[in-house]
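**Student:** Now for the letters of each chain:
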Amino acid sequence: MRRAVLIAVPYAWLLALFLIPFAVVFKISLSDIALAIPPYTPTAKDGIWNMLSQLDFENFIFLTEDDLYWKAYLSSLQIALISTVLTLLVGYPMAYAMARAPEQWRPTLLMLVILPFWTSFLIRVYAWVGILSGEGFLNQFLMWTGIISTPLTILNTNTAVYIGIVYTYLPFMILPIYSALDRSDGSLIEAAEDLGCSRLKAFWMITIPLSRNGIIAGCFLVFIPALGEFVIPSLLGGSGTLMIGKVLFEEFFSNRDWPVASAVAVILLLILIIPIVLFQRNEQKQVEAEG
Amino acid sequence: MNRLSSFNVVSLTLGFVFLYVPMLILVIYSFNASKLVTVWAGFSTKWYGELMSNEAFLDAAWVTLRVAVISSTIATVLGTMAAYVLVRAGRFYGRTLFSGMIYAPLVMPEVITGLSLLLLFIGLGLDRGVLTIVLAHTTFSMCFVSVVVSSRLVSFDRSLEEAALDLGASPLDAFRLVTLPIIAPAVISGWLLAFTLSLDDLVIASFTSGPSATTLPMKIWSSVRLGVSPEINALSTILIGLVTLGVIAASLASKQVAVRAKRDEQAAARAA
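Going down the list, the protein sequences come from chains A and B.
Numbering-wise, the numbering used here comes out as the position in the first sequence, counting from 1, plus 2.
Numbering-wise, the numbering used here comes out as the position in the second sequence, counting from 1, plus 3.
With the rest of the complex left out, here is chain A (with noise of 0.2 Å):
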């Protein structure tokens, strides 16, 4: 009986508050815009046989027709892709320093990997723009070492993207790999070098493969919410920067499009659908290994 409580009240409020939310997404992309408050017209009024015989899905055509859309979820895609590939390459060093680190500096070294994901993200991307910007502190560092002699352009362009996405996930990256490796028995490293691997070739079959689930939740960690991004896109890309969810804010807010905004996020919901259910894989079989 206590059992069933338990479980029933975060149940219900995921629920209630997680899953039937996204039916109503889907619900609204399937309705009409209208001049109203709220500005749609429900598809659904009496009946479900109604119902059903009204549902269209004009919006989603809507969104094939225009190519905005399509560019938006494919350079998306590419840039969280490519940012997810940069972060790794980051990472990976900066997580393997720390598990080979001794002892007593590791717990130093993790927290000021923790202390900026603790510090605001809209803050950390912020911190960007003054760096960037035309007269901003990179190009003043550079003219002054005498690299350049005209400013570079750097904001408001896909670089700033990469750059931002790198900077504020890099913790989501380094933690579950440093604690994959943390983990993984050094002394299979040493026996292979006892028997005369060389030590490129001990990192890449033995240490690699040890920290396989590290990379695989890491790289989910970032790619992921990197896809939908809006802070980052907005504040450091630049007009030429599509991202899809710059254009699902924009045209919830501006142009007040509710129903195509909610055709917008189902389709990202359906792109996603199989990473996150990926990720969930890998995290509830390491909790299941460890327990």
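Because the hints were derived from the structure by calculation, they are not lab data.
Certain hints may be false.
Using C-beta positions, here's what the derived DEER-type ranges look like [claimed, not checked]:
no., chain 1, residue 1, chain 2, residue 2, range
1, A, ILE84, B, ASP176, 30 to 38 Å
2, B, PRO184, A, ALA6, 24 to 32 Å
3, B, VAL80, A, GLU192, 41 to 49 Å
4, B, VAL80, A, LEU76, 36 to 44 Å
5, A, LYS287, B, SER56, 48 to 56 Å
6, B, GLY249, A, PRO104, 25 to 33 Å
7, A, GLY136, B, THR247, 25 to 33 Å
8, B, VAL42, A, LEU70, 33 to 41 Å
Short derived list, chain A residues pointing at chain B, Cβ under 10 Å [unchecked claim]:
no., residue
9, ILE9
10, TRP15
11, PHE20
12, MET113
13, ILE116
14, LEU117
15, ALA129
16, ALA228
17, PHE254
Just so it is clear, the structure is predicted and the values come from calculations on it, not from any experiment.
Ideal Cβ positions, reconstructed from N, Cα and C, are used throughout, including at glycine.
With the hints as your guide, set chain B onto chain A.
**Tutor:** Quick look at chain B alone, frame taken from chain A:
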């Protein structure tokens, strides 16, 4: 294993420079006398003064704090229950869906969560304001709490709980007197995580709040869209300072707890 190569040292150094220099620049330039944010014109604290006399910022900070305290507290209770269910309840009908609903919000893009909750609230006819932001924040942060707490639950010795039950404790007493003290550090860090997530959130709050409630991130957003401003630098410095103090205090406290636990263990070993 404990030998750092020069490659390791270089990657750590560059990594931390990358992580910390942007924030350091922000902090230094919050004391800049000039309104131009990239030109140094002498030391001044005037932006802090202007910030403190800005009513709109103070109001927004108050709303944000209230939302964060309430939502993180509810989220900690619900998240701990959910963690207990995930780790201890065994099989039940709909378990896969349950664990899916715990893990999905961790990575769900905020625009989707925000939009879906707003449409739900409008469908229900709820007035948008502090209440709706609290509901929204509780929902996504309870999942973070439950992940933190469940990682602690899987690692602890279940026989302690079973011993208490065998000795006649009711399940509730066993939880209150045995389980809760052991998982307490995870519950506390779960609460802190939920609290910061709520303080920090812009996108979900923008969707779920109404004209009556503006949070601090929403206020910051509307002013940084117009470019860099020294007032925002001052505000950022205050927030960074508070977080740094909090994290250092928390890590010192947990170190002390660890030392005490070790001492107790040694004492117990000697007694045995």
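**Student:** Take the hints in turn and mark each one as holding or not.
**Tutor:** Against the structure, the hints come out as follows:
1. A:ILE84 <-> B:ASP176: 30 to 38 Å: At roughly 54 Å between Cβ atoms, B:ASP176 and A:ILE84 fall outside 30 to 38 Å, so the hint is violated.
2. B:PRO184 <-> A:ALA6: 24 to 32 Å: Once the Cβ atoms are compared, 26 Å apart, the range 24 to 32 Å for A:ALA6 and B:PRO184 holds.
3. B:VAL80 <-> A:GLU192: 41 to 49 Å: With a Cβ separation near 47 Å, B:VAL80 and A:GLU192 satisfy 41 to 49 Å, so the hint holds.
4. B:VAL80 <-> A:LEU76: 36 to 44 Å: Given about 43 Å between the Cβ atoms, the range holds.
5. A:LYS287 <-> B:SER56: 48 to 56 Å: holds (54 Å)
6. B:GLY249 <-> A:PRO104: 25 to 33 Å: For B:GLY249 and A:PRO104 the Cβ distance comes to about 27 Å; the hint holds.
7. A:GLY136 <-> B:THR247: 25 to 33 Å: Because 31 Å falls inside the window, the suggested range holds.
8. B:VAL42 <-> A:LEU70: 33 to 41 Å: Given a distance of about 39 Å, which is inside 33 to 41 Å, the answer is holds.
9. ILE9: For A:ILE9, the interface hint holds, since the closest Cβ of chain B sits about 5 Å away, which is under 10 Å.
10. TRP15: holds (6 Å)
11. PHE20: holds (5 Å)
12. MET113: Hint on A:MET113: holds, closest Cβ of chain B at ~6 Å, below 10 Å.
13. ILE116: holds (7 Å)
14. LEU117: holds (5 Å)
15. ALA129: holds (4 Å)
16. ALA228: With a closest approach of 9 Å, the A:ALA228 hint holds.
17. PHE254: Given a least distance of 6 Å, the restraint on A:PHE254 holds.
In summary, the structure is inconsistent with hint 1 from the numbered list given earlier, while agreeing with all the others.
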